[in-house]
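So the sequence lines, in the order shown, correspond to chains B and X. Residue numbering for the first sequence follows the working numbering, starting at 1 and increasing by one per position. Residue numbering for the second sequence follows the working numbering, starting at 1 and increasing by one per position.
Don't take each hint at face value.
As the list claims (entries may be wrong) - From chain B, some residues computed to sit far from chain X (all C-beta separations above 12 Å):
hint, residue
1, Asp82
2, Ile83
3, Leu84
4, Arg85
5, Lys86
6, Lys87
7, Ile99
To be verified - In silico EDC-like pairs for lysine to aspartate or glutamate, Cα to Cα no more than 16 Å straight-line:
hint, chain 1, residue 1, chain 2, residue 2
8, B, Lys39, X, Glu41
9, B, Lys153, X, Glu130
10, B, Lys159, X, Asp10
11, B, Lys159, X, Asp134
12, B, Lys67, X, Glu20
13, B, Lys142, X, Asp164
14, B, Lys159, X, Asp8
15, B, Lys16, B, Glu62
16, B, Lys86, B, Asp41
17, B, Lys142, X, Glu195
18, B, Lys16, X, Glu50
19, X, Lys174, X, Glu218
20, B, Lys87, B, Asp44
21, B, Lys87, B, Asp41
22, B, Lys153, X, Glu50
23, B, Lys142, X, Asp169
24, B, Lys86, B, Asp44
25, B, Lys142, X, Asp153
26, B, Lys16, B, Glu55
27, X, Lys49, B, Glu18
28, X, Lys49, B, Glu55
29, B, Lys159, X, Asp164
Claimed, not checked - Now the stretches of chain B that chain X is said to cover, found in silico as 3 or more residues with beta-carbon under 8 Å:
hint, stretch
30, 46-55
31, 102-111
32, 147-156
For the record, the hints were derived by calculation from the structure and aren't laboratory data. Glycine residues also receive a C-beta, built at the ideal position from the N, C-alpha and C atoms.
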Amino acid sequence: MMIYLQMLESNEDKQKFEQLYIVYRGLMFHVAMQLLSNKQDAEDAVHQAFLSILECFHGIHEVRSPKTRSFVVIITERKAIDILRKKSRAQTVPYDDLIGGVDIPLPGDHGLSDAMAQLPARYREMLLLRYDNGYSTREIAKLFGISPDAAQKLLWRSKQALQTILDKEGINI
Amino acid sequence: MKTFSFSDQDLVLASGNVRESLLNVLPSPSDCNHMFSQAFEETMAPVLKESYQKQKKHSFLRSIAAVFLALLVGTSMLLAFSPKTRASLTQWFREIYQNRIIYQYTGDQIDTPIPSCEIGWVPEDFSNPEIYQDESMFSAMYLSERRAALVIDYYFMFDGTALDIQFDDAANIKEEPVSVNGLPGTLYLCSDGSESSTLVWHDDENRTEYTINGFLEESEFLRIAESIRMIDP
Numbered sequence: 001m002m003i004y005l006q007m008l009e010s011n012e013d014k015q016k017f018e019q020l021y022i023v024y025r026g027l028m029f030h031v032a033m034q035l036l037s038n039k040q041d042a043e044d045a046v047h048q049a050f051l052s053i054l055e056c057f058h059g060i061h062e063v064r065s066p067k068t069r070s071f072v073v074i075i076t077e078r079k080a081i082d083i084l085r086k087k088s089r090a091q092t093v094p095y096d097d098l099i100g101g102v103d104i105p106l107p108g109d110h111g112l113s114d115a116m117a118q119l120p121a122r123y124r125e126m127l128l129l130r131y132d133n134g135y136s137t138r139e140i141a142k143l144f145g146i147s148p149d150a151a152q153k154l155l156w157r158s159k160q161a162l163q164t165i166l167d168k169e170g171i172n173i
Numbered sequence: 001m002k003t004f005s006f007s008d009q010d011l012v013l014a015s016g017n018v019r020e021s022l023l024n025v026l027p028s029p030s031d032c033n034h035m036f037s038q039a040f041e042e043t044m045a046p047v048l049k050e051s052y053q054k055q056k057k058h059s060f061l062r063s064i065a066a067v068f069l070a071l072l073v074g075t076s077m078l079l080a081f082s083p084k085t086r087a088s089l090t091q092w093f094r095e096i097y098q099n100r101i102i103y104q105y106t107g108d109q110i111d112t113p114i115p116s117c118e119i120g121w122v123p124e125d126f127s128n129p130e131i132y133q134d135e136s137m138f139s140a141m142y143l144s145e146r147r148a149a150l151v152i153d154y155y156f157m158f159d160g161t162a163l164d165i166q167f168d169d170a171a172n173i174k175e176e177p178v179s180v181n182g183l184p185g186t187l188y189l190c191s192d193g194s195e196s197s198t199l200v201w202h203d204d205e206n207r208t209e210y211t212i213n214g215f216l217e218e219s220e221f222l223r224i225a226e227s228i229r230m231i232d233p
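Pulled out of the complex, with its shape left as it was, chain B reads as follows (with noise of 0.2 Å):
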């Protein structure tokens, strides 16, 4: 059983990682320019991305899925955005929280995707690593940047803004 482990595994995985850079770096790359507007930003950004990856690349299963193609979009726009916040340090900039990254059209529920949609991009971000990829908040944490506590807070704070936002809108779930 061990050795069979090891044979399929390799066999499997050996180029997972590559095959990711390959199949998704060109989609990264127009993600963080929406956001940076400067090739080496985003190429930046790109760069940070796969680093972050490459710490939780286990929780990936599938190269070409929808799931694995958000992930990845997902960890580029917040590496851009953190770009974002460290090149406007002298300038106002809105508190990270309230960034909305990449323009999400609402997914038209009327409920609550349509509300998890107008979150901040780090709400969001935090709900959909959670949920959707289905990620700890420890692994979030490694991939933000951030420790297991603040990433704790982080989906606490996410979730009472999407309370937040149903409050006001009247949505009953």
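Please build the complex by placing chain X on the supplied structure of chain B, with the hints as guidance.
Just chain X, lined up with the frame of chain B:
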């Protein structure tokens, strides 16, 4: 107590819808043909090399975990004549990796809501708990000015649920079997205080797993754990 009008399952469905909307507004990966700079390719070369090494290491560690699982399953076969032990083994099992421990749970979903609890004692520097509870889990987070947050959770154990404990450096973690009000548990104690420690224990009869995570002394972990009283609905 703060509660939300949505459940975790609601969030799973909603996040899937948001993911679709997000992907619909982006081009296909095959349509994105940026010519990356030489500098970028050079910075990515060592990252790709590291990915091969991580993947080989991960494969090896999964093989080791498979051996542990095989031993555990083999043990359950030897204990087939003890129904109580078999019941314990089929409810959860543990996968051990170098810097990670995963508790996997089995069993049918539980229809009754998880009960509330009273936490009788926490260290005096912790206060103002933020509490979240839904049908299958309870979570309380206490804050302190002196230490990082203390988190107390408990969950129902059933198919599809798992507890994933990750360490920054397993060499600093000491694993100790403990007993919490007669229930078996394990304390993963960080010896040098560089990362938080975790206490896990299971109530197999009520199919509930408990965790306490924080920067605490062993005595504090056990005192908090033994002060938890479930409240009948």
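Each hint tested on the structure:
1. Asp82: Answer for Asp82(B): holds, closest chain X Cβ roughly 17 Å.
2. Ile83: 14 Å, holds
3. Leu84: Fine: 19 Å to the nearest Cβ keeps Leu84(B) off the interface.
4. Arg85: Given a closest Cβ separation of 21 Å, the condition holds.
5. Lys86: Non-interface label on Lys86(B) holds, nearest chain X Cβ at 18 Å vs cutoff 12 Å.
6. Lys87: Since the minimum Cβ distance to chain X is about 18 Å, Lys87(B) lies beyond 12 Å and the statement holds.
7. Ile99: Holds, since 16 Å exceeds 12 Å.
8. Lys39(B) with Glu41(X): 14 Å, holds
9. Lys153(B) with Glu130(X): Roughly 10 Å between the alpha carbons, so the hint for Lys153(B) and Glu130(X) holds.
10. Lys159(B) with Asp10(X): 12 Å, holds
11. Lys159(B) with Asp134(X): Holds, at about 13 Å.
12. Lys67(B) with Glu20(X): 9 Å, holds
13. Lys142(B) with Asp164(X): Satisfied, since the Cα-Cα distance of roughly 14 Å is no more than 16 Å.
14. Lys159(B) with Asp8(X): 10 Å, holds
15. Lys16(B) with Glu62(B): Holds, at roughly 9 Å.
16. Lys86(B) with Asp41(B): Holds, at about 11 Å.
17. Lys142(B) with Glu195(X): With a Cα-Cα distance of about 14 Å, the restraint between Lys142(B) and Glu195(X) holds, given a limit of 16 Å.
18. Lys16(B) with Glu50(X): 13 Å, holds
19. Lys174(X) with Glu218(X): Holds: Lys174(X) and Glu218(X) sit about 11 Å apart, inside 16 Å.
20. Lys87(B) with Asp44(B): 13 Å, holds
21. Lys87(B) with Asp41(B): Judged against 16 Å, a Cα distance of about 10 Å means the pair holds.
22. Lys153(B) with Glu50(X): 32 Å, violated
23. Lys142(B) with Asp169(X): Within the cut-off at roughly 14 Å; holds.
24. Lys86(B) with Asp44(B): Status holds; Cα separation ~13 Å.
25. Lys142(B) with Asp153(X): The hint is violated at about 21 Å.
26. Lys16(B) with Glu55(B): This hinted pair holds, its Cα atoms lying about 14 Å apart.
27. Lys49(X) with Glu18(B): 9 Å, holds
28. Lys49(X) with Glu55(B): 14 Å, holds
29. Lys159(B) with Asp164(X): 22 Å, violated
30. 46-55: holds (count 5)
31. 102-111: holds (count 8)
32. 147-156: This one holds; 6 residues, not fewer than the three required, reach chain X with a Cβ under 8 Å.
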